[in-house]
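Residues per chain, in single letters:
There are 2 protein chains.
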Amino acid sequence: MQEERKFNFSAGPAVLPVPVLKKAQEELLCLPGCGASILEISHRSKQFGEILQQTKNNVRELLNVPENYKIMFLQGGALTQFAMLPMNIIRNTNKSGNYLATGNWSKKAASEAKTQGKVDVVWDGKEEGYVRKPTDDEIKLTDDAAYLYFCANETIEGIQYQREPNVDVPLICDASSEIFSRPVNMEKYGCLYACAQKNAGPAGVTLVVMRDDFVDMSGDDLPSMFSYKKLAEKDSMLNTPPTFCIYIMKLVTEWLKEQGGLEAMHKKNVEKARLLYDAIDASNGFYRVHGNKEYRSFMNVSFRTPTEELDKLFQEEAAKVNLTNLAGHRSVKGERASIYNAMPREGVVLLRDFMLDFAKKHA
Amino acid sequence: MQEERKFNFSAGPAVLPVPVLKKAQEELLCLPGCGASILEISHRSKQFGEILQQTKNNVRELLNVPENYKIMFLQGGALTQFAMLPMNIIRNTNKSGNYLATGNWSKKAASEAKTQGKVDVVWDGKEEGYVRKPTDDEIKLTDDAAYLYFCANETIEGIQYQREPNVDVPLICDASSEIFSRPVNMEKYGCLYACAQKNAGPAGVTLVVMRDDFVDMSGDDLPSMFSYKKLAEKDSMLNTPPTFCIYIMKLVTEWLKEQGGLEAMHKKNVEKARLLYDAIDASNGFYRVHGNKEYRSFMNVSFRTPTEELDKLFQEEAAKVNLTNLAGHRSVKGERASIYNAMPREGVVLLRDFMLDFAKKHA
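Residue numbers (our numbering), protein chains in the order written: chain A, 162 to 524; chain B, 162 to 524.
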């Protein structure tokens, strides 16, 4: 008998749409028209070629990607992009990578970039405890800036940009924990990328959307697998791509289109987040949110109860009613409810009700 | 209704054991004890921790890996290893990477390594058309050799070492298309690695087995994701690993143990290959094998008929009786039957019978 599924608030790998899982399950032994599993078919097969193309088409449609941008499916997660971006764009130039340090992930991106070239952290939220994003006025680019790098949504701290920074250089954005959660204005970006395992698919594939002039910056001395130019030239097929992960991203992007696209997802996401933040704000300080109010993430709701003991109890009691993986990241502690696209409203309502009950009992 | 599965002779991604696919299918919606899919659970969860540990244990047992070797699950395929190996081992040293160029893949490995440091191709089979491996006497290492790199089985040409080269420096081996097909003597290796999608799992994970002193060679200036030292320190969890691909490798390695381990697999593999080569040798020259007799691969049987027209017909007719993906690589042409561990003897017998019939009709 099939075991019961629980509501999974994991920050990543994270919840996927049930119809996606069911379709993948149904086809796992034999992909229609193949006589073999998606796990077994050649990346050079006609069938996989179609899967790749359809996934690209879906991404282009959902994110409204202009024609002068390449869509790539790479490996190694965001941490690999942290190195590849400066390796391709600022290494062997006299340009600087400008970075906004707004939390754990952007800080790490800047640190990895320093192995490749000149890096300037042009705003750092560390002293304030990473509770907000900078305003446009606070961002002072260097004269030699090749790009401004930022993380749209800091998964760990639960703080998110309401809109992209407004600057005069191309943006590079780590959108790992908010990709497909709302529309983006791609034309401001030199590159927008996201590891899949939060909002776009399983761990093992990274979506990279890059403007053609950025793609063309790769030095000819780079190993092939680290060169955007070579990867783009071969349409993500320089070597065997992570075929199954791309197939799941195809199913996820199809599901997103069925849901009405990113405007519709954004509306649902904001409503889900409001359920939790309203409960928090009405708790008379029992629950406290990590980030400042105007930068609260609608993807990762990071909060805490009055004590670490109550945090522990909260998580234990929640698990008993099938609300799972609510522990905050070890660096921030407390609770974190990741409520990505695939988390149904029903799960968020149950969590909200649990939170109200818990606060009543322990306030 | 479930569509019929065919016999899939693809060189990679390639056939997987049916019990592995069935187990994955059964658990895809809900991994026992998780309340969520393997695609959705955190890599930091207890359950995934156990999957990772069990996979490592299985690999250690199957390959008889000594304690002073690390077992890692990385991303980016063999092409990433082509660059990472010299980047970690010979860059910023006065050492040379010595390479045997025995076919497409080892040639490419040497070419990628040249972006990182001194490379010497100490034997090259190009003029002979990549039809064999060198004998030990033909291998003249340079005095500054840090390692001897070779490809155990050239997937495209279908030529395979009967045993590893016997030299005085540590070996680095690309075992992508023969991993787990026979026992290996790990103690001769500084590193043995394999992308999974031929004989070990799906595309998206690369198994790297590396001796501790090799792991420790990584320069401190490398980006984290390209440093074996950092990857090994975090036990393949420096960032989110390709969790699903590792899970499938766990199932494949469990299946291998149930089959009796690598001695038993080797015996079965040699028998399967003999069925095809015997038919070829008895065909009075109708079928010709690409490689020299003593280097014939028991994983990838690369052969051709008298004409390209007959090759085309062969593949078309074979597909009609559910023998699929028999086209040779575009650089070698003709046919290639990849008969990895998971290809059942039954499929090979059917192919052999088809080959005998086809030769009779068209000789």
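Hints were generated in silico from the structure; no laboratory data involved. Please note: incorrect hints may appear among the correct ones.
Copies of the same chain look alike in the list, so a pair counts if it fits in one copy or across any two.
Derived SDA-like pairs: lysine to any residue, alpha-carbon spacing no greater than 20 angstroms straight-line [as the list claims (entries may be wrong)]:
no. : residue 1 : residue 2
1   : 183       : 164
2   : 287       : 492
3   : 269       : 382
4   : 428       : 328
5   : 184       : 295
Evaluation of the provided hints:
1. 183 - 164: both (14 angstroms within a copy, 17 angstroms between copies)
2. 287 - 492: Close inside one copy (13 angstroms), not across copies (55 angstroms); limit 20 angstroms.
3. 269 - 382: Cα proximity of residue 269 and residue 382: across copies only (15 angstroms, versus 25 angstroms in one copy).
4. 428 - 328: neither (27 angstroms within a copy, 65 angstroms between copies)
5. 184 - 295: Neither. Shortest intra-copy (42 angstroms) and inter-copy (49 angstroms) distances fail the 20 angstroms Cα cut-off.
Violated hints, listed in ascending order, are 4 and 5; each of the other numbered hints is respected by the structure.
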